[in-house]
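For the record, the sequence lines run as chains A and B. Residues 2 to 328 in the working numbering are what the first sequence lists, from first letter to last. Residues 28 to 359 in the working numbering are what the second sequence lists, from first letter to last.
Keep in mind the hints are simulated off the structure, nothing from the lab. Here the structure is a predicted model, which is why all the values come from computation and not from measurement. Where is the CB? At the ideal position from N, CA and C, for every residue including glycine. Check before you lean on any hint, since a few could be wrong.
Said to hold, decoys possible - In the BS3-like style, the derived pairs of lysine-lysine whose C-alpha atoms are separated by at most 27 Å in a straight line are:
(1) A/305 with A/38
(2) A/172 with B/188
(3) A/87 with B/137
(4) A/305 with A/270
(5) A/87 with A/271
(6) B/188 with B/281
As the list claims (entries may be wrong) - What follows is a set of in silico ranges between Cβ atoms, one per label pair, in the way DEER data are often shown:
(7) A/321 with B/295: 23 to 31 Å
(8) B/155 with A/315: 53 to 61 Å
(9) B/194 with A/193: 37 to 45 Å
(10) B/79 with A/295: 31 to 39 Å
(11) A/321 with B/49: 34 to 42 Å
(12) B/49 with A/276: 41 to 49 Å
(13) B/66 with A/305: 56 to 64 Å
(14) B/68 with A/172: 28 to 36 Å
(15) B/218 with A/14: 51 to 59 Å
(16) A/144 with B/63: 42 to 50 Å
Below, each chain spelled out in residue letters.
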Amino acid sequence: MDESGTCAQLERSTLVWMLRKMLEIREFELAVSDVYKRGLMPGLAHLYVGEEAIAVGACAALRPTDRITSTHRGHGHCIAKGGNLKLMMAELMGRAPGYCGGKGGSMHIADLDLGILGANGVVGGGFGLATGSGLTARLQGRDDVTLCFFGDGASNQGIFHESINLASIWKLPVVYICENNQYGISMSQARSTNIRDIAQRAQAYGIPGMVVDGNDVLAVHRTITEAVTHARAGDGPVLVECKTYRWFGHHVGDPGSEYRTNDEVEEWKKRCPIERYRRWLVENGVMEQPAIDALVASVQQEVKEAVAFAENSPFPERSEVTTNVYA
Amino acid sequence: MSTREITYGQAVREALAEEMRRDPTVFCMGEDVGIYGGSFKITKGLIDEFGPERVRDTPISEAGFVGAGVGAALTGSRPVVEVMFCDFMTIAMDQIVNQAAKLRYMFGGKARVPLTIRTTIGGGRSGAAQHSQSLHAWFAHVPGLKVVVPSTPYLVKGLLKASIRDDNPVIFCENKTLYNTRGPVPEDEYIVPLGRAWIHRPGRDLTIIATSSLVYKALDAATQLAEQGIEAEVVDPCTLYPLDVETLAGSVRKTHRCIIADEGVRRYGVTAELVSVIYENAFDDLDAPVARIGASENPMPFSPPLEAATIPQTPDIVRAAQEMGMPIRIPA
């Protein structure tokens, strides 16, 4: 765990907020798995369990006017940037009050007022949007920063190269955050690239590249804060790679056992980002265990209410099918 | 309103300059659009007035800069992105089809994507198979996109201004063979709204629905047919989506005969859709089956005679009219 002391200077409220958000993501995703298995959620459910420290550590470094782009595994980013659990869960179940009125589902949740430019069903789909968002900031003379979350799999798409190259020549305020969970569905990073770290590619664009333990929320926060400061100052984009692991399969229904060993999964579960952070909070006297237990209970209740809200919400009217195609 | 003659290319440039003056969120971006003035010299001089931030040169990176255009549009800018040839739009197809077209719908109506992509269609310059295509039908197939195919200097200027002001992604297909075509354009500002067909020539015997460069060939054909006593009405949809069904069908209800001409490949193309629209809306008024004329079913060849054989020509339209079994009237 982070021992530099930098993070110990964070406001206590921020430290507690980070635990709360990580718990919200964990509990939300476990509830998603449950509602999916109960047949309440159509489509696909890509769970973020095990990767919570990245979205939370990164979004803790942002201002409200900063923006993010997300991925198919996007629930965590949305929650960390302030997304509403009830509206998220309703959207996942295809209900009318959901974030997108049931038109987008899990892979397209957006909240533009919160700077969430949407999850994305295309691997690498966020690169163009984030880069363009950075361009708007520049053209408007604002110093808002955009975080572009993407996976190790997306780093092999052509748009990765084209977007980071554009951002580098135009010095756009974008931080590209690779959540390297080691696998693009079944293909390991060792088989899909010939390099050790995705962040090495930063060199090709003449921008800073950083590697951080993605299961250490304080380290992620410190690193992303540094990257955001760089981008906000007008010094251009940064590529940050967060090493992590997805506990479950590619989606609910994929056992995730054909391409990785049980030992490997169990080894990573021992590095649970939430448990590590909980221990740090207690050991450093930030929170006591009873307060943490109360927080867990409160989050569980909130998620339960989100599920109930979604289950009790109506499906959209058929007449909605052709609305919102054009402005 | 005073009018002067300018070229189609000058009309595009005027529209860009006027919209950039009017709205600080409008900016241009694309390969060589800045210092070089664009490969077709359409943006020439704009960098002097608006600077390199708003007339932005990009690397050769269609997916990258079209994608950035989508993201900029989503966050409050009003980008006008130039893709040199529509053949290169294929490189950016994910950004156009999966992102730009769908963001608003996927997000439940909360997003606006006021993005204009200017690109060029049209053969006839020996550009061969990768610089001559007319792929406008591809985009008209995608809900969420608007598609504009302007034919004259007047229309290209008014329609581009409307496209830039539109809050949806618009694929604006300029015809590269028309850039030097001259025509009357008012000095004063005007807008041509999207979704209104334009009647270039009235007629009572036959409707020729023609797009882009085929408008000129249809007008030539109409002149030849008039000598044979056939008065053809030439109607230009101007926009493939939204489509002015009423004006197209209304003309056919009046003339009872219809030819549809478009430079895209015939198979599954614009003509196929427009034939259906006419049958769905004016079937009972037709005295003959609708004829359609499009490019032959091969990649665009390089050699001039082969290229000319691929692209629909004026005689194809005249022949189609003559084969409709119209009573020939002798001019008085």
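Hint check results:
| no. | hint | result |
| --- | --- | --- |
| 1 | A/305 with A/38 | holds, 16 Å |
| 2 | A/172 with B/188 | violated, 30 Å |
| 3 | A/87 with B/137 | holds, 18 Å |
| 4 | A/305 with A/270 | holds, 25 Å |
| 5 | A/87 with A/271 | violated, 31 Å |
| 6 | B/188 with B/281 | violated, 32 Å |
| 7 | A/321 with B/295: 23 to 31 Å | holds, 30 Å |
| 8 | B/155 with A/315: 53 to 61 Å | holds, 56 Å |
| 9 | B/194 with A/193: 37 to 45 Å | holds, 39 Å |
| 10 | B/79 with A/295: 31 to 39 Å | violated, 57 Å |
| 11 | A/321 with B/49: 34 to 42 Å | holds, 35 Å |
| 12 | B/49 with A/276: 41 to 49 Å | violated, 57 Å |
| 13 | B/66 with A/305: 56 to 64 Å | holds, 60 Å |
| 14 | B/68 with A/172: 28 to 36 Å | holds, 29 Å |
| 15 | B/218 with A/14: 51 to 59 Å | holds, 53 Å |
| 16 | A/144 with B/63: 42 to 50 Å | violated, 31 Å |
When held up to the earlier numbered hints, the structure conflicts with 2, 5, 6, 10, 12 and 16 and fits the remainder.
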